[in-house]
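J.: Given the sequences, and given the hints that come with them, work out the whole structure.
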Amino acid sequence: MKEKIITFRKNNSARILLGYAFLFISFLMVQNTHAQKKRFTVLHTSDEHSVLMPLPAVDYSVEKANSSLGGMARLGGLVETIRDQKGDEPVLLLSAGDFVGGSPYSWLILEGYSPEIELMREIGYVATTIGNHEFDYGPEKLAEYFQRAGYPNAHEQLPIFAPNLNIPDGHILNEVQFPSNRIFELENGLKVGIFGLLGTEAYSLAPLAEPVTVFDPVESARQQVDELRGKGADVVILLSHSGVAEDRVLAEKVDNIDVILGGHDHHQTLVPEELYNTILLHSANYLKFLGMLELEYDPEQKKVILLNEQNNTPYQILLDSSVKEDSIIASKIDGYTQKLNEFITVFTDSLFTDAFSPVLHTDFPVNMHAPLVETTVGNFVTDAMRLETAKVTGDRVDFAIQANGVIRGDIIPGTMPWSEGKVSFMDLVTIAGLGSGPAMTAGYPIVSIYLTAEEVYSVFEIAGLLSVMMGDTYFLQVSGVRYSYDPGKAIWLKVPVLDLPVPAYKSLKEVYIYEGEGIQNDDGYVLLDKSSDRLYHLVADHYLTSFLPLIGEILPRLKIVLKDKQGNPLEVDETIVYENGREFKVWEAVARHATSFNLGNSGLPEMPDVYQSTQERIIQKSGMPLYVWSYSGLLVIIAGLGLGIKSLIKKLRKKP
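Under the numbering used here, the residues of the sequence shown are numbered 1 to 656, in order.
Possibly wrong hints are sitting among the right ones.
What the hints assert, rightly or not - Here are the simulated PhoX-like cross-link-like pairs (lysine-lysine), alpha carbons at most 25 Å apart as the crow flies:
1) K191 to K302
2) K253 to K191
3) K494 to K509
4) K509 to K530
5) K324 to K191
6) K563 to K391
7) K332 to K141
8) K559 to K494
Stated by the list, open to error - Okay, the calculated beta carbon distance ranges per label pair:
9) L500 to D573: 28 to 36 Å
10) D84 to F356: 52 to 60 Å
11) N188 to E111: 39 to 47 Å
12) P179 to D522: 17 to 25 Å
13) P179 to N311: 51 to 59 Å
14) E111 to K559: 18 to 26 Å
15) P152 to N188: 28 to 36 Å
Worth flagging that the hints you see were computed from the coordinates, not collected in a lab.
Cβ atoms here follow ideal geometry from the backbone N, Cα and C, with glycine treated the same way.
T.: Dropping the structure here:
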């Protein structure tokens, strides 16, 4: 009996021990499950556009609080602060492309420097992709840009993912060896796969990219996601330079993308969109904001979860003067500023010597207040082109045109005690500093051509057609002219499925030429006689002018022949305006126009009041759109065919 009791106690003890062991193992399993939820932070910028220093530059001060935004030194300081705050939690700084093109600092690319990508490496970007403005100086110059910065070896420090670029065999850009994707294994064991894409609409705005083309972004994205998942990626991030509309399509059509970090259209998502199990974030442009996603990966759900609201942290952090600058980055930028000033001094024959010096005073902003309409900044830029080119050529210029897509912002006066009302050279020429010409020097050159009165009408018919077909990027601002048009009568309709517009050639109403002197005002307009045999002097930039003959080839009714003042046909490159043996640039005309005004009480040239509002240079007269009549007629035809077929069927049924 005693032995049995002892045996029972032994068995009971064993059971208790087994129970404790089970509880301990369960506890470990629960702990292990919680441990597998891995946290990480993604920081994002896009469309940095060579904005190395904060804008407006005239407001900037390193010591005093001010209203300027952006700048790479501030970015470097903020990123370092966030990394310190996160401690052991991994932090990924990523860019969605267009890191060059816009600010005058991008001009240094043509002088043999690669400031943007070198500073991005110094700040600690983990990856980026290619945007349309990376091609502003052509693919050959882009290859040189990266090679100077140490690529392809530098991909180990900062990979540039571009899997859907179709680069011809033997092209120098192949030597950069853009990787398609990469898996980054973070300190916490999480495997994050990253790839990049250049969207179709963005590529369409990179005319100098050829012979480089792009593969279909959706198919490319599917291939990259499958490859990354196949290699064991827990999380997949896409760096997309496509615009928010195409990004939403990618989220819908491509499975298993956890995060899309987008750019191109300068859009900002104040709160990330969550579409089809994909988180979508855009962070505006010019480094005004740093996007931030605090994330957690749940391995059981295989899902990435946003934590910002739970942690009470912002999705977008303003890069204002409260952000402490990184001193190393600031020092490197000072070196690039010195090189930029040297270039400006030489190129302008010392007319301008300091990118940050004020050149103009204004009591009001001159801005692009709305799309697809005349704007005050558009009037300023085209007036500058018309009036300053007349001084260079010695010939009166009748009118000037410029597309909204290459007018890059507003003229905003300073607001600080030391800068109130002032506009610096940097702030002014940033609105017109894109591109280059055949000489591969900074800025689009101005061209000078002569057209018949009928061709002038064709130009403004084209203006209406382009804005309807291609949106605000191709809307033309004008000087020296006043015209009215009906955008609803530019096309008959768009062919269904193909989405092809059918031009109607009916949008243009009246064209008046300004025959007064100086800046355009309300007096001095004369109706342009379409049958006149006089040649009219037009100026535009080299980029825009290259499209005019092409449109005539596609639409012969709008054929335009570029001519000199004697009426001799010219090729586009033969129309470039030269001064002292070099190309005369749009940004030069803008800067000179500003300095041509009368001096005000500030001691600086004073912005004329005429730029305080628009002047009805472009008048929209909207009536019934032609597509209404087109579709109505189409419905009548379809209805008639339907009735005819119905009648035929009845007759056939009556036959034996």
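J.: Against this structure, judge whether each hint is valid.
T.: Structure-based check of all given hints:
| no. | hint | result |
| --- | --- | --- |
| 1 | K191 to K302 | holds (12 Å) |
| 2 | K253 to K191 | holds (23 Å) |
| 3 | K494 to K509 | holds (22 Å) |
| 4 | K509 to K530 | holds (12 Å) |
| 5 | K324 to K191 | violated (32 Å) |
| 6 | K563 to K391 | holds (20 Å) |
| 7 | K332 to K141 | holds (23 Å) |
| 8 | K559 to K494 | holds (22 Å) |
| 9 | L500 to D573: 28 to 36 Å | holds (31 Å) |
| 10 | D84 to F356: 52 to 60 Å | violated (31 Å) |
| 11 | N188 to E111: 39 to 47 Å | holds (44 Å) |
| 12 | P179 to D522: 17 to 25 Å | violated (59 Å) |
| 13 | P179 to N311: 51 to 59 Å | violated (33 Å) |
| 14 | E111 to K559: 18 to 26 Å | violated (40 Å) |
| 15 | P152 to N188: 28 to 36 Å | holds (29 Å) |
In summary, the numbered hints that this structure violates are 5, 10, 12, 13, 14.
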